[in-house]
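Peer 1: These are the residues of each chain, in order.
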Amino acid sequence: MRVDVEDLVVTYGEVTALDRLSFSLEGGKIYGLLGRNGSGKTTLLSVLAAFRKESSGTVRIDGEPVFENEGLTSRVSLIRDAGETTDLGTAEDALYFAEWLRPHWDADYARSLMDLFGLTRKMSVKGMSKGMRSALGVVIGLAGRAPLTMFDESYLGMDPPARYAFYDALLADYMEHPRTIILSTHLIEEVSSLFEEVVIIGRGRLVVHEETQTLLSRGTAVTGPAERVDAFTDGLTVLGGTSLGSTKSAMVYGEIDEARRGRAAEAGLELGPIAMQDLFIHLTGDAR
Amino acid sequence: MFDDRSPIYRQIADRIKADVLSEALRGDEQVMSTNQYAAYYRINPATAAKAFQQLVEEGVLYKKRGIGMFVSPDARDALRAKHRESFFADVVDPMVAEAKAIGIPIGEVIGRITELEGR
Numbered sequence: 001m002r003v004d005v006e007d008l009v010v011t012y013g014e015v016t017a018l019d020r021l022s023f024s025l026e027g028g029k030i031y032g033l034l035g036r037n038g039s040g041k042t043t044l045l046s047v048l049a050a051f052r053k054e055s056s057g058t059v060r061i062d063g064e065p066v067f068e069n070e071g072l073t074s075r076v077s078l079i080r081d082a083g084e085t086t087d088l089g090t091a092e093d094a095l096y097f098a099e100w101l102r103p104h105w106d107a108d109y110a111r112s113l114m115d116l117f118g119l120t121r122k123m124s125v126k127g128m129s130k131g132m133r134s135a136l137g138v139v140i141g142l143a144g145r146a147p148l149t150m151f152d153e154s155y156l157g158m159d160p161p162a163r164y165a166f167y168d169a170l171l172a173d174y175m176e177h178p179r180t181i182i183l184s185t186h187l188i189e190e191v192s193s194l195f196e197e198v199v200i201i202g203r204g205r206l207v208v209h210e211e212t213q214t215l216l217s218r219g220t221a222v223t224g225p226a227e228r229v230d231a232f233t234d235g236l237t238v239l240g241g242t243s244l245g246s247t248k249s250a251m252v253y254g255e256i257d258e259a260r261r262g263r264a265a266e267a268g269l270e271l272g273p274i275a276m277q278d279l280f281i282h283l284t285g286d287a288r
Numbered sequence: 001m002f003d004d005r006s007p008i009y010r011q012i013a014d015r016i017k018a019d020v021l022s023e024a025l026r027g028d029e030q031v032m033s034t035n036q037y038a039a040y041y042r043i044n045p046a047t048a049a050k051a052f053q054q055l056v057e058e059g060v061l062y063k064k065r066g067i068g069m070f071v072s073p074d075a076r077d078a079l080r081a082k083h084r085e086s087f088f089a090d091v092v093d094p095m096v097a098e099a100k101a102i103g104i105p106i107g108e109v110i111g112r113i114t115e116l117e118g119r
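The listed protein sequences correspond, in order, to chains W and E. Mapping of the first sequence onto our numbering: position 161 corresponds to residue 161, and the numbering continues sequentially without gaps. Mapping of the second sequence onto our numbering: position 69 corresponds to residue 69, and the numbering continues sequentially without gaps.
If you're looking for bench data, these hints aren't it; they were derived computationally from the structure. From a predicted model like this one, the values you see are computed outputs, not experimental measurements. One or more of the hints may lead you astray.
Said to hold, decoys possible - With the C-beta cut set under 7 Å, the calculated list includes, among others, these residues of chain W facing chain E: (1) Ile30; (2) Ser193; (3) Leu194; (4) Glu196.
Glycine included, C-beta positions come from ideal geometry on N, C-alpha and C.
Hey, can you work out the whole structure from these sequences and the hints?
Peer 2: Printed below as a string of structure tokens:
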């Protein structure tokens with residue numbers, strides 16, 4: 001499903017959570033939504049899922065306005081952290097409700113996912129650990145097969161084997177049933193290879209929206225003797241750097257053309273890629 | 001030619017080339033699908049497709065519409081020729097430079113090469 005966000009503003013009292021945010025997703029891909037705490041990720045996803053109304057601006061899914069649009073409800077799914085479930089009832093009740101809500105629900109797939117995560121239908125949701133509730137949310141999100149499926153830090157409390165089982169299941173199911181998936185996460189190293197495109201927001205605004213491989217190709221670590229690194233990076237966008245004795249490594253953002261690469265080789269400088277996590281850290285600013 | 005610091009799609013492309021060179025993959029043999037590569041490496045299928053696209057452009061693979069990707073019949077010969085061209089610059093020159101840097105006489109290096117050749 002196509003997603004168009006234009007000049008989106010959401011305010012809570014005096015706090016501006018989203019500040020004229022604009023971007024478009026073509027749909028049919030796995031998107032990563034990255035941002036620091038308080039950057040507005042959850043607010044954005046809540047607006048896309050019609051859980052919350054925009055203060056101003058427009059949000060359209062497949063060209064339709066989202067809020068109080070009944071026709072879209074069953075086609076858009078947001079799994080929040082620690083699941084989309086209420087405290088009442090058993091896992092079975094939660095699955096029953098999801099099946100009622102989701103026209104593309106796959107009950108056999110839901111059963112196999114329950115087994116994968118070691119969940120049983122009789123478990124009371126209230127008695128579940130955080131990780132189990134997250135896993136139940138993942139089951140509901142994946143088996144629902146909603147044309148727009150969003151996971152908002154849905155891995156919280158899940159241990160590494162459970163998280164990787166989630167990533168593998170998500171990837172396999174996406175390939176079998178292509179749809180628009182948005183994953184919001186802080187575990188960038190673990191998940192970023194799944195993203196076809198990345199949307200990074202900061203302080204309620206768009207920082208970057210780019211194809212993952214293109215974004216990665218924009219980051220280059222330049223390593224070598226400090227004064228030569230400085231000379232080489234003069235005039236380039238330097239996101240940050242570290243030094244060890246007389247050796248320096250600078251993170252450069254932007255395309256480095258063949259001529260420059262040649263000069264780097266002549267100067268004995270090493271050029272290497274930067275991991276998504278490091279790019280994210282340096283694009284979204286200081287430790288505050 | 002193998003480098004952990006290069007993008008994942010280039011690593012996949014390099015691995016396929018290595019398989020072609022070693023004849024683990026032969027001419028006109030079908031390679032695994034984009035989705036199989038994506039699942040195996042836990043990467044987005046578009047990223048795996050990028051590796052295939054690169055190999056098609058380089059003439060290592062060819063596409064049969066609706067069926068999949070296959071190894072070009074002359075891929076191995078072409079890769080061998082290409083690697084021969086860069087062999088001295090990529091392998092021998094750095095080895096000689098390393099030998100000089102750590103004080104191994106070139107004569108000893110040549111002796112070793114002759115010894116390995118004779119095995």
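Peer 1: Per the CB criterion, is W:Ile30 less than 7 Å away from chain E?
Peer 2: Since the shortest Cβ distance to chain E is 6 Å, the answer is holds.
Peer 1: Should the hint that W:Ser193 touches chain E count as held when the rule is a Cβ pair under 7 Å?
Peer 2: holds (4 Å)
Peer 1: Closer than 7 Å between Cβ atoms is the bar; does W:Glu196 clear it against chain E? Give me holds or violated.
Peer 2: At 5 Å from the nearest chain E Cβ, W:Glu196 passes the 7 Å test, so the hint holds.
Peer 1: Restraint: W:Leu194 near chain E, CB-CB cut 7 Å. Satisfied or not?
Peer 2: Check passed: Cβ of W:Leu194 comes within 6 Å of chain E, closer than 7 Å.
This entry satisfies every hint, going by the numbered hints stated previously.
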